[in-house]
Amino acid sequence: DQQVKQNSPSLSVQEGRISILNCDYTNSMFDYFLWYKKYPAEGPTFLISISSIKDKNEDGRFTVFLNKSAKHLSLHIVPSQPGDSAVYFCAASSTQGGSEKLVFGKGTKLTVNP
Amino acid sequence: GAGVSQSPRYKVAKRGQDVALRCDPISGHVSLFWYQQALGQGPEFLTYFQNEAQLDKSGLPSDRFFAERPEGSVSTLKIQRTQQEDSAVYLCASSLLAGGPYTQYFGPGTRLTVL
Numbered sequence: 001d002q003q004v005k006q007n008s009p010s011l012s013v014q015e016g017r018i019s020i021l022n023c024d025y026t027n028s029m030f031d032y033f034l035w036y037k038k039y040p041a042e043g044p045t046f047l048i049s050i051s052s053i054k055d056k057n058e059d060g061r062f063t064v065f066l067n068k069s070a071k072h073l074s075l076h077i078v079p080s081q082p083g084d085s086a087v088y089f090c091a092a093s094s095t096q097g098g099s100e101k102l103v104f105g106k107g108t109k110l111t112v113n114p
Numbered sequence: 001g002a003g004v005s006q007s008p009r010y011k012v013a014k015r016g017q018d019v020a021l022r023c024d025p026i027s028g029h030v031s032l033f034w035y036q037q038a039l040g041q042g043p044e045f046l047t048y049f050q051n052e053a054q055l056d057k058s059g060l061p062s063d064r065f066f067a068e069r070p071e072g073s074v075s076t077l078k079i080q081r082t083q084q085e086d087s088a089v090y091l092c093a094s095s096l097l098a099g100g101p102y103t104q105y106f107g108p109g110t111r112l113t114v115l
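Protein chains in written order, with the numbering used here: chain L, 1 to 114; chain U, 1 to 115.
Rather than coming from a laboratory, the hints here were simulated on the basis of the structure.
From a predicted model like this one, the values you see are computed outputs, not experimental measurements.
Possibly wrong hints are sitting among the right ones.
To be verified - Taking lysine-lysine pairs in the BS3-like style, the calculated list, with each CA pair at most 25 Å apart, reads:
| hint | chain 1 | residue 1 | chain 2 | residue 2 |
| --- | --- | --- | --- | --- |
| 1 | U | 14 | L | 106 |
| 2 | L | 5 | L | 68 |
| 3 | U | 57 | U | 11 |
| 4 | U | 78 | L | 71 |
| 5 | L | 71 | L | 106 |
| 6 | U | 78 | L | 5 |
| 7 | L | 71 | L | 56 |
| 8 | U | 78 | U | 11 |
All chains, please: the whole structure from these sequences, using the hints.
Now the structure itself:
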C-alpha cells in the first residue's frame, strides 16, 4: 500500500507559468513533509519542507501548501524555468515513530518548455 | 562544503556475487540512511543509523542485505549472493542531527546491475 501518492506521472508547463505538483498521503502519523528534485544520474536534491504545524512555507520561487484535513500537499513553482525540468518527489516522515525514515511517492516528471 | 559521496557510482555483478557499496556522509552528520530506488519508483527505505547504532533495519528486503557504520561516519551496505531483483540505485543520505525532523541530504547513488 502506497502511503504517499503522486498521481500525476508527468506535467508539462510553459516557461514563466506556474507549475503545481500534487501529493496525497494516507498515514495520519506523518508530520513532516519534504519535496526533492532529481536530475538523471544524480541523487535527490532537497527543495523545501513543511511541518504539520504550518499550512504554508515559501522559499523564493517555491511554495509548499499543506492541507492536513485532506491529507494533501502541493508544490507551487512560480515562475517556472526550463532548469526546473526534473523529477519531483514528495516525501513524508513521522517524528513520533522513532525511525526518521522518509516515505516517498513515485515522482512527477516536470517539463518546462521554453 | 563536501556533500554525501558514494562509491562506486556503477557496479555490475554476476548473479551470486557479493557486493559492497560505500557511503561517506557529510562530515559531522549524526544520522545516516540507505534507500533503494527501482526504475520508475521513488526511493524506498532500507536502514537507518544514529552514529554507529543501527536503529532501524526494517526495510532490508532479506538477510542477504547487511549494513554497518562501525565508527559512526562511513557506512557500507553489503549484499550477499546478489539476485537480479537487487538491480537498483542505492542511495545514501545523511542528516545533521537525530530526533528529527531534519533534512536528509542525498548522495549521487550507486547503480547496481546484476546480470
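Going through the hints against the structure:
{"no.": "1", "hint": "14/U to 106/L", "in the structure": "violated (28 Å)"}
{"no.": "2", "hint": "5/L to 68/L", "in the structure": "holds (15 Å)"}
{"no.": "3", "hint": "57/U to 11/U", "in the structure": "holds (23 Å)"}
{"no.": "4", "hint": "78/U to 71/L", "in the structure": "violated (37 Å)"}
{"no.": "5", "hint": "71/L to 106/L", "in the structure": "holds (17 Å)"}
{"no.": "6", "hint": "78/U to 5/L", "in the structure": "violated (30 Å)"}
{"no.": "7", "hint": "71/L to 56/L", "in the structure": "holds (14 Å)"}
{"no.": "8", "hint": "78/U to 11/U", "in the structure": "holds (13 Å)"}
The structure fails hints 1, 4 and 6 (numbered hints given earlier, in ascending order).
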